[in-house]
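Work the whole structure out from these sequences, hints included.
Protein chains: 2
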Amino acid sequence: MKCPYCGEPDTRVLDSRATQDSSAIRRRRQCVSCANRFTTMEKIEEEPLVVIKRDGRRELFDHGKILKGLLLAGQKRNIPLSRWEELVGELELELRSSYVKEVPADSIGDIILKKLRKIDEVAYVRFASVFRQFPDVEAFKAELDEILKETGEEGQEPG
Amino acid sequence: MKCPYCGEPDTRVLDSRATQDSSAIRRRRQCVSCANRFTTMEKIEEEPLVVIKRDGRRELFDHGKILKGLLLAGQKRNIPLSRWEELVGELELELRSSYVKEVPADSIGDIILKKLRKIDEVAYVRFASVFRQFPDVEAFKAELDEILKETGEEGQEPG
DNA sequence: TCTTTACACACAATATATTGTGGTTTATAA
DNA sequence: TTATAAACCACAATATATTGTGTGTAAAGA
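Residue numbers (the numbering used here), protein chains in the order written: chain A, 1 to 159; chain B, 1001 to 1159.
Worth flagging that the hints you see were computed from the coordinates, not collected in a lab. A hint or two may mislead.
[To be verified] Chain A side only, calculated, beta carbon under 10 Å to chain B, not exhaustive:
no.: 1; residue: S23
no.: 2; residue: R29
no.: 3; residue: E92
[Said to hold, decoys possible] Covered stretches of chain B, as calculated for chain A (at least 3 residues, CB under 8 Å):
no.: 4; stretch: 1001 to 1012
no.: 5; stretch: 1016 to 1022
no.: 6; stretch: 1025 to 1032
no.: 7; stretch: 1037 to 1043
Heads up, the beta-carbon is just placed ideally off N, CA and C, and yes, glycines get one too.
Right, dumping it as structure tokens:
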């Protein structure tokens, strides 16, 4: 590992610790030549995860894009950014473990909705209104009624 | 290091190799639980390198910004992208090894010009015309004359 | 098509990173 | 102001990653 100060490739590890969620390893290194110290991170080199859109076109799975959608749905709902990032993390893990390489966009939407519902119902409805592309106010209202009907059974998985 | 497929934190290294320029280490890992394999990269966690602009304001050193400037200066000069990336890499190494944490923008410009001149004189002049903010055509021409005068003594450092 | 380059895979010997423990400092939150 | 969390530091015992060597394959360029 090349030293960022002098460019020599010979450096030694002084300390190495996994990050809290074990998604990366932080190492403290020291250059054998100039004795300067620096920090490195070992992270997963993303294997491409392809999303199949409704029109059949493919594109790469994009953290940021999904996060943006969640942030929009969660406006003024006072939910920390970290909660959304966590959700996206769970989502990706779920996708990678269940599917192989390509995932229909609708499956992603369904997973998000399932998770979102347990976090915030307002955000859930907002997200659904975009994702399901409700054709009119009636369809929107129907979804709301559905939720209100089930609100009593908190924490229950709907059949 | 958490497995991206099943989420278990216990994974083993199968193979590890430095990249060509030794700026990173690629590891091939295998999950102890699900036996899936994946690739990781250990890279330097950038320590912030601050640029002091002419007006005194500070901002973070930005690879991309400099690369863009070089690309612009090198338009139609048929120089591979990799050459510019290499230049930016050398620049950053130089900055980190000579200065401490903060570098005047002008020093950066000077280093770039010095390197640029050895690569392509047209790109050099274009870059200089922006960086030195030549006030008029005369100043521009003076710089060109300067270069033409020294063109014979190839590879020589100007006094 | 042929060549080159990059990545994946396997194996064995040895050097080196890891891990726990514990202390310090710094920044952020309460 | 006082907690709390991260990052940094040190040390020692041991497990684990590294390295060379070599094969195969797929992608990219000539």
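How does the stretch 1037 to 1043 of chain B fare against chain A when you require at least three residues with a CB closer than 8 Å, holds or violated? As far as the stretch 1037 to 1043 of chain B goes, the hint holds, because 6 residues have Cβ atoms under 8 Å from chain A.
Restraint: R29/A near chain B, CB-CB cut 10 Å. Satisfied or not? holds (9 Å)
Three-residue Cβ test at 8 Å for the coverage of the stretch 1016 to 1022 of chain B by chain A: It holds, with 3 qualifying residues against the three required.
Annotated coverage of the stretch 1025 to 1032 of chain B by chain A, confirmed only when three residues or more have a Cβ within 8 Å: Answer holds; 3 residues pass the 8 Å Cβ test.
So, as I understand it, the hint says S23/A touches chain B; can you test that by seeing if any CB pair is closer than 10 Å? For S23/A, the interface hint holds, since the closest Cβ of chain B sits about 5 Å away, which is under 10 Å.
Answer holds if the nearest beta-carbon of chain B is closer than 10 Å to that of E92/A; otherwise answer violated. holds (8 Å)
Stated coverage of the stretch 1001 to 1012 of chain B by chain A [criterion: 3+ residues, CB within 8 Å]: Contact hint for the stretch 1001 to 1012 of chain B vs chain A: holds, 7 residues under 8 Å.
Against the hints set out earlier in the document, no violation occurs for any number.
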